[in-house]
Amino acid sequence: MAQKKKAAKSSKSARKAKSPAKKSARGGMAVAAGARKPTEERIAALMQVPLAVCEKDEDLQTVLNILRNQDEPIELRLAALQVIQAASFSVVTFEPCRGAYIATLREISDDPDPELRQRVLGTLAREKDGFVQKKLLEGLQNPEKALVSPEKALQLLSYDVHADAYPVAREILSKSPNADARREAIRLLAADANTAPVFEKILRDKGETTEIRQMSAAALNSVRPDKLQEYARAIVLDDSEDDELQATSLTAITQFGDQETVANDEALLAHVGELKNKATAKVKQGARRFLTKYGR
Amino acid sequence: MQEAATAGTALSEPEFAELIDALAADPHRRGQLTELLREDHPLYDQRGTAATVRMRGWILLALARAEVPDAALLFVLEEFDTGTDAYLLAAAACALRSYPSPNAAFAPFVLRAIANIRSFDDPVSFESYGEYALSSTGTSPVRELLATLAWLGPHARGVLPEVEALRTEPGGLAKKLRTDVDRAVEAIRGAGPAPGPGACCVLPAGLGHALSWTLGSRGASEPVEKTVLEDHQGESITFQELFRGHPSIVVFFYTRCDNPLKCSLTVTRLAGVQKLLTARGLDEQIHTAAITYDPAFDLPERLRRYGQNRGVLLNARNRMLRAIEGLDAIRSHFKLGVNFIESLVNRHRIEVYVLDAQGRIAASFERIHWDEQQVVDRAVEVLEAKSEEAAPAVRGKAASSAAGTLASLAVAFFPKCPVCWAAYLSFFGVAGLERIPYSPWLQPVLAAVMLINLASLWLRGRSTGRMSGFYLAGTGALAIIVSKTGPGWENAALWGGALTLAGSLLGALAPSFRRQPCVMSETRS
Numbered sequence: 001m002a003q004k005k006k007a008a009k010s011s012k013s014a015r016k017a018k019s020p021a022k023k024s025a026r027g028g029m030a031v032a033a034g035a036r037k038p039t040e041e042r043i044a045a046l047m048q049v050p051l052a053v054c055e056k057d058e059d060l061q062t063v064l065n066i067l068r069n070q071d072e073p074i075e076l077r078l079a080a081l082q083v084i085q086a087a088s089f090s091v092v093t094f095e096p097c098r099g100a101y102i103a104t105l106r107e108i109s110d111d112p113d114p115e116l117r118q119r120v121l122g123t124l125a126r127e128k129d130g131f132v133q134k135k136l137l138e139g140l141q142n143p144e145k146a147l148v149s150p151e152k153a154l155q156l157l158s159y160d161v162h163a164d165a166y167p168v169a170r171e172i173l174s175k176s177p178n179a180d181a182r183r184e185a186i187r188l189l190a191a192d193a194n195t196a197p198v199f200e201k202i203l204r205d206k207g208e209t210t211e212i213r214q215m216s217a218a219a220l221n222s223v224r225p226d227k228l229q230e231y232a233r234a235i236v237l238d239d240s241e242d243d244e245l246q247a248t249s250l251t252a253i254t255q256f257g258d259q260e261t262v263a264n265d266e267a268l269l270a271h272v273g274e275l276k277n278k279a280t281a282k283v284k285q286g287a288r289r290f291l292t293k294y295g296r
Numbered sequence: 001m002q003e004a005a006t007a008g009t010a011l012s013e014p015e016f017a018e019l020i021d022a023l024a025a026d027p028h029r030r031g032q033l034t035e036l037l038r039e040d041h042p043l044y045d046q047r048g049t050a051a052t053v054r055m056r057g058w059i060l061l062a063l064a065r066a067e068v069p070d071a072a073l074l075f076v077l078e079e080f081d082t083g084t085d086a087y088l089l090a091a092a093a094c095a096l097r098s099y100p101s102p103n104a105a106f107a108p109f110v111l112r113a114i115a116n117i118r119s120f121d122d123p124v125s126f127e128s129y130g131e132y133a134l135s136s137t138g139t140s141p142v143r144e145l146l147a148t149l150a151w152l153g154p155h156a157r158g159v160l161p162e163v164e165a166l167r168t169e170p171g172g173l174a175k176k177l178r179t180d181v182d183r184a185v186e187a188i189r190g191a192g193p194a195p196g197p198g199a200c201c202v203l204p205a206g207l208g209h210a211l212s213w214t215l216g217s218r219g220a221s222e223p224v225e226k227t228v229l230e231d232h233q234g235e236s237i238t239f240q241e242l243f244r245g246h247p248s249i250v251v252f253f254y255t256r257c258d259n260p261l262k263c264s265l266t267v268t269r270l271a272g273v274q275k276l277l278t279a280r281g282l283d284e285q286i287h288t289a290a291i292t293y294d295p296a297f298d299l300p301e302r303l304r305r306y307g308q309n310r311g312v313l314l315n316a317r318n319r320m321l322r323a324i325e326g327l328d329a330i331r332s333h334f335k336l337g338v339n340f341i342e343s344l345v346n347r348h349r350i351e352v353y354v355l356d357a358q359g360r361i362a363a364s365f366e367r368i369h370w371d372e373q374q375v376v377d378r379a380v381e382v383l384e385a386k387s388e389e390a391a392p393a394v395r396g397k398a399a400s401s402a403a404g405t406l407a408s409l410a411v412a413f414f415p416k417c418p419v420c421w422a423a424y425l426s427f428f429g430v431a432g433l434e435r436i437p438y439s440p441w442l443q444p445v446l447a448a449v450m451l452i453n454l455a456s457l458w459l460r461g462r463s464t465g466r467m468s469g470f471y472l473a474g475t476g477a478l479a480i481i482v483s484k485t486g487p488g489w490e491n492a493a494l495w496g497g498a499l500t501l502a503g504s505l506l507g508a509l510a511p512s513f514r515r516q517p518c519v520m521s522e523t524r525s
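Sequence order for the protein chains is W and Y. So that you can map any letter, position 159 of the first sequence is 159 in the working numbering, and since no number is skipped, the others follow by simple counting. So that you can map any letter, position 367 of the second sequence is 367 in the working numbering, and since no number is skipped, the others follow by simple counting.
Hints are computed from structural coordinates only; laboratory data are not their basis. Treat the hints with care, since some could be wrong.
As the list claims (entries may be wrong) - List of simulated lysine-lysine pairs, BS3-like, C-alpha gap at most 27 Å: (1) K278(W) x K206(W); (2) K56(W) x K176(Y); (3) K176(Y) x K128(W); (4) K227(W) x K226(Y); (5) K175(Y) x K56(W); (6) K335(Y) x K386(Y).
All figures in this text were calculated on a predicted structure; none of them were measured in a lab.
All chains, please: the whole structure from these sequences, using the hints.
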């Protein structure tokens, strides 16, 4: 009997202990929803309750309403997004909220505010959401419909290998004057074996920037490592080549080259021996590593 | 020629949606919808993954409006078993409810689908082709699956505790889905005929054949024999070199597959198959292979890492492979359920094959998750069938089994002295044969033959996985030995002889008495 009383007392006190937190969560939501309160105060109130947001449907709706309401200050809307994103990391707890969350993100994916729009698109893209992939592809094919810059769109599409972005990325790589977009296109295409000939062409082309050529080398290593070794050897042997690219090529041969083939390649070994003494610091460093590995 | 058969990539998505609506509306052409669900249909060639999802979902919804025939049921259950896309799962749940009658065997599939998708229960819209939901007030896969459980009603009684658990905290579904769960529980508890015992495993007639089958006449493997494959170590080998001379278990996968219930699980299960083969001492007789759908990307190093990360044993008998010059010959030989956009897979089914010693397909397990033991059993059958083709060997085996049994009986009843010998002969009415000398040396010889019989039963038991014959004969041999230890134990010889006889018969006939698991092992011949 005494034990029962004790247990009842302790559960009562536990309830008591919980209530201030719940009260503060409820209070926080009330402050966050209060349009007349200062924005800073509303943001601070929101930030106090990230994990409780999914416990009550009203709280979830409060946060989602702030997020979708274009009349609310953008700082507050971004804070609302941050709060609900934080809650979504706990996949199991977030289960009941997910439907409303995804639907709201889709709804505001064309929001006029570029920062919010980009963050929303990024969140949906990481979820491999078909809706957002379709929007991003439409934007790449028709710039008037673009929700973000082409480089950002490619970056977001690259989260999903099945996003069907290869054809449009290839087109951007071969035709676009936008260096950033081309760089993102190479990153995205680095898993596409069909683009290997394009990577080879870029790698051979001394008119391309060093960065683009280096990225093409990395992409080629991913899909046709044998081809990269051929080109890397040629670049190392070519004294008119860019130093950065020579250093990259030396690293590629040292790390991924077929040891037996390289060890028997007297011309290459001799030339790297010369580079060790003649070339720039980066190339010298690469040459030293190469020669250490091959016992020279 | 049928529209469905000719429909190809020339069709735009809106045109495709129109075609599906027209087929669904016409009872005479409705059957073509099922044909369009095959992954290898030209319609899906060079379509993106998202487009493939939209198209397949629309077909399932068309079936939901009409009626799901038996032939399409497999595609619906496949979604439940391995699907991770919210739209397809919701459409499949919707479609199942148009099947003519609820069946208790569907309930575990529906429950599995809820488990697979509940953390990714995104809103979906069925309003028009390719539409995405912008509000969570509509439906979702879990909501559709719960409606399907309610449709099953008393037929889902076998899973009632699991459905009830969906509304209890912790681990229950979202509060907003509680009404749907309650409705399902109420319907399941409702009046109606409860399914009989074992009904959980009995799918509609004919469906089992589609899940797992054996070809009656095995297709020739000549067209694919010269196909060159490269293994996880970069070693090239032809199909013929790889698969001739021994049965093989072959699975298909690709490393970029993002459905954890398909490729990753298939390759992990292949590791399980290898362990079973090793445990049964068959790892040298039955080889395994995992062939990628994505040979352009899955270079040897990627294959090796993918296999090793999933516990696959890699050596000359167990390889991970890619077709160097493209997948066409392999795709056509196996009639693979896969399609591509460029070289990237846009959709595939689960597929596992058992090849005979000529590289021909002897059995196949498709779409629904397969059981390692079942695949190994099938491969053992193929191995034994191969052995039986060598008739003299089989006759020898039967003869040795009979000789072993006779030897055991002879040891049991071997007379102890010359007087007993004469008594035996006269007992059998062969008094005229008293000139046959009593030969005590015969006893150890017979004992040796008895032991050989035991060893052969043990080996056979290991290869079939059924040791009962060996245990029976072993007990019999022990009884015979005991009968020889002294007076008073002679009767044990009778029991020993009977047990040895029974054990030898059981060991020799073991494969014929093999238990047939529920549905998945039904065969078509």
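Evaluation of the provided hints:
Distance hint between K278(W) and K206(W) is fulfilled; the C-alpha atoms sit about 22 Å from each other, no more than 27 Å. Of the supplied pair hints, the one linking K56(W) and K176(Y) holds, its CA atoms being roughly 11 Å apart against a limit of 27 Å. At roughly 25 Å between alpha-carbon atoms, K176(Y) and K128(W) fall within 27 Å of each other, so this suggested pair holds. With a C-alpha separation of about 26 Å, the suggested pairing of K227(W) with K226(Y) holds against the 27 Å cut-off.
Taken as a hint, the K175(Y) and K56(W) pair is honoured in the structure, with Cα atoms around 10 Å apart against an allowance of 27 Å. Annotation: proposed proximity of K335(Y) to K386(Y) holds, straight-line Cα distance about 24 Å (limit 27 Å).
Comparing the model with each earlier hint shows no violations; every hint is respected.
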